[in-house]
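Chemist: Listed below are the residues making up each chain.
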Amino acid sequence: MKGNIIKYAQDNIDTDVIIPGQYLKVHDYAELATHAMEGLDPDFHSKVKEGDFILSGRNFGCGSSREHAPIALSHSGIKAVLALSFARIFYRNAVDGAFLLPIEIDKDAYDGISEGDEIDISLSTNEIKNITKHQTYKMKPFSEIIGKIIAAGGLFKYKPDQD
Amino acid sequence: MGKTLFEKIWESHIVVEKQNGPSLIYIDRHLVHEVTSPQAFDGLRMNKRKVRRPDLTIATMDHNVPTNDRSLPILDQTSAVQIQTLEKNCKDFGIKLFDINSPNQGIVHVIGPQLGITLPGTTIVCGDSHTSTHGAFGALALGIGTSEVEHVLTSQTLWLEKPKSFEIKVEGKRKNPHAVTAKDIVLSIIKNIGTGGGTGTVIEYRGQGITDLSMEQRMTICNMSVEAGSRAGLIEPDEKAFDYLRGRQYTPKNYESLVDNWKEHLKTDSDAKFEKQFTLNISDIAPQVSWGTNPGMTCDVTESIPSPDEFSKGDPNQKKSAEKALEYMDLEPGTPITDIKIDRVFIGSCTNARLEDLIEASKVIKKQKISTNVKAMVVPGSQMVKKEAEELGLDKIFINANFEWREAGCSMCLGMNPDILSPGERCASTSNRNFEGRQGTGGRTHLVSPVMAAAAAIKGHFVDVRELDLS
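Heads up: the protein sequence lines correspond to chains A and B, in order.
Residue numbering for the first sequence follows the numbering used here, starting at 1 and increasing by one per position.
Residue numbering for the second sequence follows the numbering used here, starting at 1001 and increasing by one per position.
I should point out that these hints are in silico values taken from the structure, not numbers from a laboratory.
A quick note: this is a predicted structure, and the numbers were derived from the prediction, not measured.
Even glycine gets a Cβ: it sits at the ideal position worked out from N, Cα and C.
Any given hint could be a false lead.
Only some residues are given here: those of chain A computed to face chain B with a beta carbon under 8 Å [said to hold, decoys possible]:
{"id": "1", "residue": "Gln10"}
{"id": "2", "residue": "Asp16"}
{"id": "3", "residue": "Gly21"}
{"id": "4", "residue": "Asn59"}
{"id": "5", "residue": "Gly63"}
{"id": "6", "residue": "Ala87"}
{"id": "7", "residue": "Arg88"}
{"id": "8", "residue": "Gly97"}
{"id": "9", "residue": "Gly116"}
Restricting the straight-line Cα-Cα distance to at most 25 Å, the calculated cross-link-like pairs of lysine-lysine (BS3-like) are [stated by the list, open to error]:
{"id": "10", "chain 1": "A", "residue 1": "Lys157", "chain 2": "A", "residue 2": "Lys138"}
{"id": "11", "chain 1": "A", "residue 1": "Lys140", "chain 2": "A", "residue 2": "Lys107"}
{"id": "12", "chain 1": "B", "residue 1": "Lys1276", "chain 2": "A", "residue 2": "Lys140"}
{"id": "13", "chain 1": "A", "residue 1": "Lys7", "chain 2": "B", "residue 2": "Lys1313"}
{"id": "14", "chain 1": "A", "residue 1": "Lys148", "chain 2": "B", "residue 2": "Lys1018"}
{"id": "15", "chain 1": "A", "residue 1": "Lys107", "chain 2": "B", "residue 2": "Lys1387"}
{"id": "16", "chain 1": "B", "residue 1": "Lys1387", "chain 2": "B", "residue 2": "Lys1369"}
{"id": "17", "chain 1": "B", "residue 1": "Lys1319", "chain 2": "A", "residue 2": "Lys7"}
{"id": "18", "chain 1": "B", "residue 1": "Lys1320", "chain 2": "A", "residue 2": "Lys107"}
{"id": "19", "chain 1": "A", "residue 1": "Lys129", "chain 2": "A", "residue 2": "Lys157"}
{"id": "20", "chain 1": "B", "residue 1": "Lys1008", "chain 2": "B", "residue 2": "Lys1173"}
{"id": "21", "chain 1": "B", "residue 1": "Lys1096", "chain 2": "B", "residue 2": "Lys1253"}
{"id": "22", "chain 1": "B", "residue 1": "Lys1008", "chain 2": "A", "residue 2": "Lys107"}
{"id": "23", "chain 1": "A", "residue 1": "Lys140", "chain 2": "B", "residue 2": "Lys1003"}
{"id": "24", "chain 1": "B", "residue 1": "Lys1267", "chain 2": "A", "residue 2": "Lys157"}
{"id": "25", "chain 1": "B", "residue 1": "Lys1240", "chain 2": "B", "residue 2": "Lys1267"}
{"id": "26", "chain 1": "B", "residue 1": "Lys1003", "chain 2": "B", "residue 2": "Lys1387"}
{"id": "27", "chain 1": "A", "residue 1": "Lys7", "chain 2": "B", "residue 2": "Lys1169"}
Generate coordinates for the entire structure from the input sequences, incorporating the hints supplied.
Modeler: This is how it looks when you write it as structure tokens:
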């Protein structure tokens, strides 16, 4: 899975900046997407491209349980968020609805990858290749259940009895 | 080896357990509100599924309801649609709803315990991160997203990975419990362990500092567990918890036999081991005021705004966050907290809008008026809280001081209804989150206790409430 990085070099990006509360009444996902990251980066909507990845620090997606957060990012074109760590509800929301991949990275990847870098994520080898910089980093493998929900395409497509 | 209370509740709710994997956990109570449920009900319809246990599912409307006159129509059309959608969904799927005109309407985490729906030893979920509040009664209460709401609606279960257990011991006795409150305890905890300090854990709060607290104060503590990144927070239930729930509208008929069972089983064994521990001594803690844009950016009311270097202790991301926060908050390092002037005061939210919070805040007022530069409002956590407060005459105390006295809802905690800050306005708020834009675009939030908020309303700036007579 290849894409370019939009980097927010900070911790604690909360769901209120990912999608401010006033938009939680919006049910049109395309419209919701136009407000993604509005609380943090008003230019996000104009710069994001289909297939981009977000890179950020610790505790990404902290705060509210609003599933609108991964939905807004996903409908903006974001396919994965790479972060040093995630808040749990955001993490499960991203996976359960098959909106985007929440990928836990280490300090090497966080420091090594810059804004605009093209990277290639491999879920089979749990590696992240930085095509721009010719570097390779490890990603934390998904746990068994998360990997299965992702492979199935979301919580409601996961069939535990076939395990 | 013994087990923790969390482990006991977890194990008694396992439906399917996978080796080294997740468990399918049974959910005893599902609380539903208008914002995180519409897509879940759409999903049920699309797949021709029913609600498995409508009798264990309770709904109310709280996040975007207006808090002014309830006889007026809702002007915001999108809010009106979301509220009507919940009405229709509850009717179609046979779910009990406390609607905008119900005497039981209120913030979902305030009405659960008030109605006796929240019970010790149960698993409780809601599409809201502050579901952790119910842990004050020894319940395992988890905030979930909309896909999980749909999963619980249709199956009454959830696939969950077992969180780690985290003991937070609160030791010591506060010298002035009217001035140094549960809010100050939990803000002190988050200040110390950080907003990610509890990630992947369920906190059990223990120690004299916790057992001394009333149930409403314990709810304030558990409520903010999620601000430390935890999945949930809970407290071993005792007589105070059993008394609080006795005789409520939905308290089970066999309550006393349940209490006997809870007394025997809902305990952390003396030889149980926690995977993580933290101890806070509260004998000398001060009232807390947040200065930044996450709840960990908090200091004593007697302190000054820290510099980014002081705050970050060498962590470059923390330094950058602090710089950004100070710019957003328009604050200079070195400014004494008590020099910060405020424009607005919000006493409300699932953190601090219960009867006791309003009683304590009212004691600050003593026939004074709020500062002429301040606009202040009290939004009771539920219509029941509002009624009880009015029976005590609290509404008159607040109104005479020029506070607005509103109807129940989440209100200015999250800026979904018309109660929002204007850009640049600075608010002393009893809510739980000081994120950028949380209370309205460009709004600046300082998290404080109800007494600190009321005192700031009177003086027009923060004051150390330990210096006031709060009898």
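Chemist: Next, verify each hint and record whether it holds.
Modeler: Here's how the hints hold up against the structure:
no., hint, verdict
1, Gln10, "holds (6 Å)"
2, Asp16, "holds (4 Å)"
3, Gly21, "holds (4 Å)"
4, Asn59, "holds (4 Å)"
5, Gly63, "holds (6 Å)"
6, Ala87, "holds (6 Å)"
7, Arg88, "holds (6 Å)"
8, Gly97, "holds (5 Å)"
9, Gly116, "violated (19 Å)"
10, Lys157/A to Lys138/A, "violated (28 Å)"
11, Lys140/A to Lys107/A, "holds (12 Å)"
12, Lys1276/B to Lys140/A, "holds (22 Å)"
13, Lys7/A to Lys1313/B, "holds (23 Å)"
14, Lys148/A to Lys1018/B, "holds (13 Å)"
15, Lys107/A to Lys1387/B, "violated (54 Å)"
16, Lys1387/B to Lys1369/B, "holds (23 Å)"
17, Lys1319/B to Lys7/A, "holds (17 Å)"
18, Lys1320/B to Lys107/A, "holds (17 Å)"
19, Lys129/A to Lys157/A, "violated (30 Å)"
20, Lys1008/B to Lys1173/B, "violated (29 Å)"
21, Lys1096/B to Lys1253/B, "holds (19 Å)"
22, Lys1008/B to Lys107/A, "violated (36 Å)"
23, Lys140/A to Lys1003/B, "violated (30 Å)"
24, Lys1267/B to Lys157/A, "violated (38 Å)"
25, Lys1240/B to Lys1267/B, "holds (15 Å)"
26, Lys1003/B to Lys1387/B, "violated (42 Å)"
27, Lys7/A to Lys1169/B, "violated (38 Å)"
Violated hints, in rising order: 9, 10, 15, 19, 20, 22, 23, 24, 26 and 27; the structure is consistent with all others.
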